[in-house]
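Visitor: For reference, the chains in residue letters:
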Amino acid sequence: MALIELRAVRKIYEVGSETVRALDGLDLDVERGSYAAVMGASGSGKSTLMNLVGCLDRPTSGHYRLAGTAVEDLGEDELARLRNREIGFVFQTFNLLARTAAVANVELPLIYAGVARRERRERAREALEQVGLGDRMLHQTSELSGGQRQRVAVARALVNNPSILLADEPTGNLDTATSREIMELFDRLHGAGNTVIVVTHEPDIAARTHRQVVLRDGRVVADTESGP
Amino acid sequence: MIFGENFRIAFRALWANKMRSLLTTLGIVIGVAGVIGVVSIVQGLQHLLTKQFEGLGANFMIVQPRQQFGGPGMVQKPVRLTWDDGLAIRDAVAGIERITPQVFGAAQVKYRDRVHSSFAIGVNQDWPAVNNFAVDRGRFFNKLDLDRRQKVAVLGLDVVDELRLADPLGKEIYLGSVPVTVIGVMEEKGQTLGQNLDDLIFVPFDTALGVFGRSAAEQVQLRLRLEGTDDVDQVREEIRQLLRRRHRLADGDPDDFQIVVQDEILEQTNTLLGAVTLVVAVLVGISLVVGGIGIMNIMLVSVTERTREIGIRKSVGARRQDILVQFLIEAVTLSIVGGAIGLLLGYGAGRLATSLIPGDLPPAHVPLWAIVIAFGFSTVVGVFFGIYPAGKAARLDPIEALRYE
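Line by line, the protein sequences give chains A and B. FYI, in the working numbering the residues of the first sequence are 2 to 229. FYI, in the working numbering the residues of the second sequence are 1494 to 1898.
Pulled out of the complex, with its shape left as it was, chain A reads as follows (with noise of 0.2 Å):
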């Protein structure tokens, strides 16, 4: 059983007197273990597969299975659940607490989660340190730098140990340099078992993965495996 199950899956919205079909009957799987990009121009419902897979959101019709779980039938504080223990985001505006040290930013899943505050503060370290930011533990994030925002966000993202790490255009506010930083970090991480899906307009972050989803009009138009 794939880690994800997407089957005829839908989403519509009404905007105005117009119907929007931003996802219309896509099918997908992804197994524990991949490094997978999604890909597609603006509007081809790339941001809202990322919010469903994340499980912001359900579908309007279709199933959803994560980790064998089926989303489309949970409620709100289920949703909640599952985002705090099987989903790690990382968004291209890094979405960091301001005036909040970089620990405390990390810490943020593990208090929704209910873990004490001691052992709280010594895995967000640990994270903090795997991204290599175990020296700015105590900087405000808005004495970061670009990259080194993302880097927190990432290891908010991990600091739970969940089953995926969610990107929506990781290296879109980033410089080439920091881009290739941040993107060596996915590598690593998936190199040490985790579940990476990249959500991506840049065919050359797309080609470090070993998995190229490709969406057009809330389809899937190309699939292709390039990895090992």
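Any given hint could be a false lead.
Said to hold, decoys possible - Listed next, the in silico SDA-like pairs over lysine to any residue satisfying Cα-Cα at most 20 Å (straight line):
(1) B:1603 with B:1644
(2) B:1511 with A:101
(3) B:1511 with A:98
(4) B:1511 with A:100
(5) B:1885 with A:76
(6) B:1885 with B:1786
(7) B:1885 with B:1814
(8) B:1682 with B:1658
(9) B:1682 with B:1621
(10) B:1644 with B:1677
(11) B:1511 with A:76
To be verified - Computed Cβ-Cβ distance ranges for the label pairs, DEER-style:
(12) A:28 with B:1516: 51 to 61 Å
(13) B:1896 with A:205: 21 to 31 Å
(14) B:1884 with A:14: 18 to 28 Å
(15) A:8 with B:1898: 30 to 40 Å
Unchecked claim - Far from chain B, by Cβ distances over 10 Å, these chain A residues were calculated:
(16) 3
(17) 55
(18) 97
(19) 144
(20) 177
(21) 178
(22) 188
(23) 205
Just so you know, the hints here were simulated from the structure itself, not pulled from any lab data. Glycine included, every Cβ here is placed at the ideal spot set by N, Cα and C.
Chain A is fixed; fit chain B onto it per the hints.
Guide: The following block gives chain B in isolation, referenced to the frame of chain A:
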């Protein structure tokens, strides 16, 4: 489970906007300070008045003239209550142990070149026994002094001090233009509402009339001590009927006098203080509501400002209730901190007020129930006005919230 964590988050958020938090909670501060300030003063007063009048005993009674207002053309009938009325009561009503007239007014006393503005009180020899006062040095005037219209006086302690009479007995002082000889000094009695009981000059009734003028003889207060406490109501009714006959009141006319017993004095002061408390409670209620609306307003602003933070928290696993509790605790913390500041301010104001008004007010006294109510109401206000903004935050869609700029 993460309750403590929410408190930390709330404090950090409030601390990050110190000035705004302070201004927001000002309504609560003022409301609670108001209730505590007034309650502390009123409670102090009540405490003291109760003590004062309970000392008089249940067999104590006051008869005083009462001006009637109203009637055709708002004409005021002059009311009279004289010592003749008092003597008639003494002779006709059974069960009265002692009765004294009392006239009271401001008066200047002079000894050599020292002048002091004090109060003269004209009474008879029974006054100390009726009012539970005692003489410290010398003696009070007796029936003989009164009959002979002796120009004598008994001084309160403060008068002795003000005139710097090292050895007051036998000294001749001037009460207005009337020379009187000091024959005694009263025991220290302390102060009561609006009146320093040690700043009094006791003189025989007739002597006082000489100072205040004959018209004072028609506005006399009568003070009585009954033989027992069982027949208070009966004595009172007999006095009432007697005075109505003597004052030739027709059947429909209201009494032109008032008979007050100790229970009623206590009841009246309690009613008055209760009314004051009620008015203040209403004002405080209004200010708490206004303060609560201020908190709701700023919490709504805060929720909007922190939309993205809410999105981030939700994306990493915060449930609706986590967000709800976080913002609710923030609102309640705001109002409770306001309540605490108000409590201190109110207590300080109460103390300041009682210390600034010399001698007249008892020490401020904050009862536990007022503190409980202050904090209780602050919490209720915080929850009541915080629940809507917190609910709004909790219901935010995480995708929308993350996209919010």
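Visitor: Could you tell me which of the hints above the structure violates, numbers in ascending order?
Guide: 11, 17 and 18
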